[in-house]
Structure formats: structure tokens, C-alpha cells
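> Generate the whole structure from the sequences, applying the supplied hints.
Protein chains in written order, with the UniProt record's numbering: chain A, 1 to 86; chain B, 1 to 86; chain C, 1 to 86; chain D, 1 to 86.
Any given hint might turn out to be false.
Any copy will do: because identical chains look the same in the list, a pair fits if it lies in one copy or spans two.
Derived pair list, reagent style PhoX-like, types lysine-lysine, alpha-carbon separation capped at 20 Å [said to hold, decoys possible]:
id, residue 1, residue 2
1, K39, K53
2, K39, K64
3, K64, K53
4, K63, K53
Calculated directly from the structure, the hints in this document are not laboratory data.
There are 4 protein chains.
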Amino acid sequence: MADEITETSQTVAAGQLRAFIERIERLEEEKQTIADDIKDVFAEAKGTGFDTKALRTIIRLRKKDQAERQEEEAILDLYKAALGME
Amino acid sequence: MADEITETSQTVAAGQLRAFIERIERLEEEKQTIADDIKDVFAEAKGTGFDTKALRTIIRLRKKDQAERQEEEAILDLYKAALGME
Amino acid sequence: MADEITETSQTVAAGQLRAFIERIERLEEEKQTIADDIKDVFAEAKGTGFDTKALRTIIRLRKKDQAERQEEEAILDLYKAALGME
Amino acid sequence: MADEITETSQTVAAGQLRAFIERIERLEEEKQTIADDIKDVFAEAKGTGFDTKALRTIIRLRKKDQAERQEEEAILDLYKAALGME
Numbered sequence: 001m002a003d004e005i006t007e008t009s010q011t012v013a014a015g016q017l018r019a020f021i022e023r024i025e026r027l028e029e030e031k032q033t034i035a036d037d038i039k040d041v042f043a044e045a046k047g048t049g050f051d052t053k054a055l056r057t058i059i060r061l062r063k064k065d066q067a068e069r070q071e072e073e074a075i076l077d078l079y080k081a082a083l084g085m086e
Numbered sequence: 001m002a003d004e005i006t007e008t009s010q011t012v013a014a015g016q017l018r019a020f021i022e023r024i025e026r027l028e029e030e031k032q033t034i035a036d037d038i039k040d041v042f043a044e045a046k047g048t049g050f051d052t053k054a055l056r057t058i059i060r061l062r063k064k065d066q067a068e069r070q071e072e073e074a075i076l077d078l079y080k081a082a083l084g085m086e
Numbered sequence: 001m002a003d004e005i006t007e008t009s010q011t012v013a014a015g016q017l018r019a020f021i022e023r024i025e026r027l028e029e030e031k032q033t034i035a036d037d038i039k040d041v042f043a044e045a046k047g048t049g050f051d052t053k054a055l056r057t058i059i060r061l062r063k064k065d066q067a068e069r070q071e072e073e074a075i076l077d078l079y080k081a082a083l084g085m086e
Numbered sequence: 001m002a003d004e005i006t007e008t009s010q011t012v013a014a015g016q017l018r019a020f021i022e023r024i025e026r027l028e029e030e031k032q033t034i035a036d037d038i039k040d041v042f043a044e045a046k047g048t049g050f051d052t053k054a055l056r057t058i059i060r061l062r063k064k065d066q067a068e069r070q071e072e073e074a075i076l077d078l079y080k081a082a083l084g085m086e
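The following block contains the structure:
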């Protein structure tokens, strides 16, 4: 039981706890590396003259199917017209 | 100094600490009440037949001035055309 | 029906739409004012020498009941002990 | 220049635009896969009997160095004592 710690009537398998935590930490590190890569691609696109805000919107829109997107845009255009937003 | 607590060579004015915390808690409660009110208005608008997603977009767009908004939309339309997104 | 706008076979009551939007915008403004007030109280507390990070933690902890909080702290202490975090 | 699209006096290199967007989309997909993996490890830890909330706190605390963490805990304990939070 050298690997077990008892306190307030609870026992925890220290080795198993550490293994879970280290697995999560490694995955979080990988996730951060990819997040940094994404940031770099946006920076590169910006350096080439692209508008990153519009890029983000395009990427968000591409996640929807065409019919869904067109319907959303139709409703939005209707509301804009009603409010005189040209 | 009955109102002071000392520990690890630090002293804290308990009354003053409590006063700050209670002021913040009261304000957070008021903020939550307003957040609930906003939710209720959206629910009411939805009940009347409005699309809440489009309402949110309209509210976001109205925070920008017209020239800024039109320029953003022009860039977005340009990108959509380039990608064949109709 | 001067107040109605029709497009893509849909009709929207412009006056009603505008009323909902303006109600939400007013509430959002109030909410922002309170958010700014909260920020000001934290700044004032900081100016008096309080640690704002600890204040935030205290406020978060006060939302839980004592038994719940004590149980969470007991589990956390157990894990810390298992990992040798003193 | 079959690959260029002109509108509102702006030109955009469609191929380059598409390449940037597809690179970002691939990276976002990889990031999502890792986020799902992290979720799975937490679920596995929970299935083994660990408290995921405490795991998250431990992971957050491990990002700080020991001195920083101990100082934060000392301040927090001081405030808790001042407020009678045991």
C-alpha cells in the first residue's frame, strides 16, 4: 500500500491519480500547440493582406449547410430592411 | 483592533473585507437580475414569432457605425464570391 | 400596414421588432453599467490593499454551502497530499 | 487571372483564400479531436472514482510554481479566517 494515501477516511491511489493528471496535461499541451498553429496561420493570412475577421466569419458560415445559411441570411436581411439598416 | 485578524505576518481588516465582498455580491445579484430580464425579453420576442438568433445578430451589428458595417459586409461578400458561397 | 415589410414571402412588424431590440439594448446598457460598477469596487478594494484574485475566490466559495465547500476542500487536500503538493 | 475575383474595387486571390481557410479548418478539426480526447480521459478518471472537479483544480494549480501557489493559499486562508469561513 506504499502507493496509497488515506485521509478523512478516504483512500486515493496516488499512482493512478498522477497517471490521469499527466495524460490530461500532455493532451492540453498538444491542444495548446495546435491553438498556437491556428493563430500563426491567421497571422500569415493577415500578412498576405486577408481580413482575419472576415476569415473567421467565413469559417463559421462554412460549418452550416447552404440551405440553413441562406435561410438565416434571408431572415437577417428582412430584419435589416425593417429597421432601415442598409 | 478586535476587527483585525493576523496570520502569516499579515493583517486584514475583517470589517472592510466583508464590506467590499458584500458590495460586490449585491452588484452581481443586480447584474444577474438584468441578465434574466434580457433572457425574458428574448423569450417574449420568440413567442411573438421573431428569430432570436437574427435578433442577436442585429443587436451586434447596431453597435457598429454604418460605414464600418458596410465595409465588413463588402469584404465578406467578396470572400464568399471567391469561394462560391452563394 | 405602412409598418410592415415583406420579403421572401415573410412579413415582419417593423415597429414591434424595433421595440424588442430597443428594450434589449437598454437592458444591456444597464447590465454593462453594473459590470463597470463591479470593476470599480474591485479596483477600490485593490487600492485599499486587498488581493482581488483572493476576493474573487472568496465570492465564488460563498456561493456554496459550508458542507459542500468543506467536502470539496477535503478531496482537494487528499489529492494534493497524494501528489506531494504542499 | 481566372483565379481572381474583383468586387467593390477589391481583388482577392481565391486559391490562396481557400488554402488558408482549409489549413485553419484542418487544424481546428485536430484541436477538436484532442479536446474530445481530454473529455474522454476525464470520463475515464470519473469512472475509476476520481472527482473531476478536484482534478481540474489540481491541474490548474500545477501550472503555478509552489511559492506562488503557497502565497495565494495563505492570503485566501487569511480572508477565510477573517470572514469566519471554516
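> The structure should be examined with respect to each hint, and the outcome stated for every one.
Hint-by-hint comparison with the structure:
When the C-alpha separation of K39 and K53 is checked against a cutoff of 20 Å, the pair qualifies only within one copy, where the shortest distance is 13 Å, while the shortest distance between copies is 28 Å. Taking identical chains as interchangeable, the C-alpha atoms of K39 and K64 are never at most 20 Å apart, the minima being 23 Å within one chain and 24 Å between chains. Both within a single protomer and between protomers do K64 and K53 lie at most 20 Å apart by alpha-carbon distance, with minima of 18 Å and 14 Å respectively. Taking the shortest alpha-carbon separations for K63 and K53, both the intra-copy value of 16 Å and the inter-copy value of 16 Å come in at or below 20 Å.
Consistency with the previously given hints fails for number 2 only.
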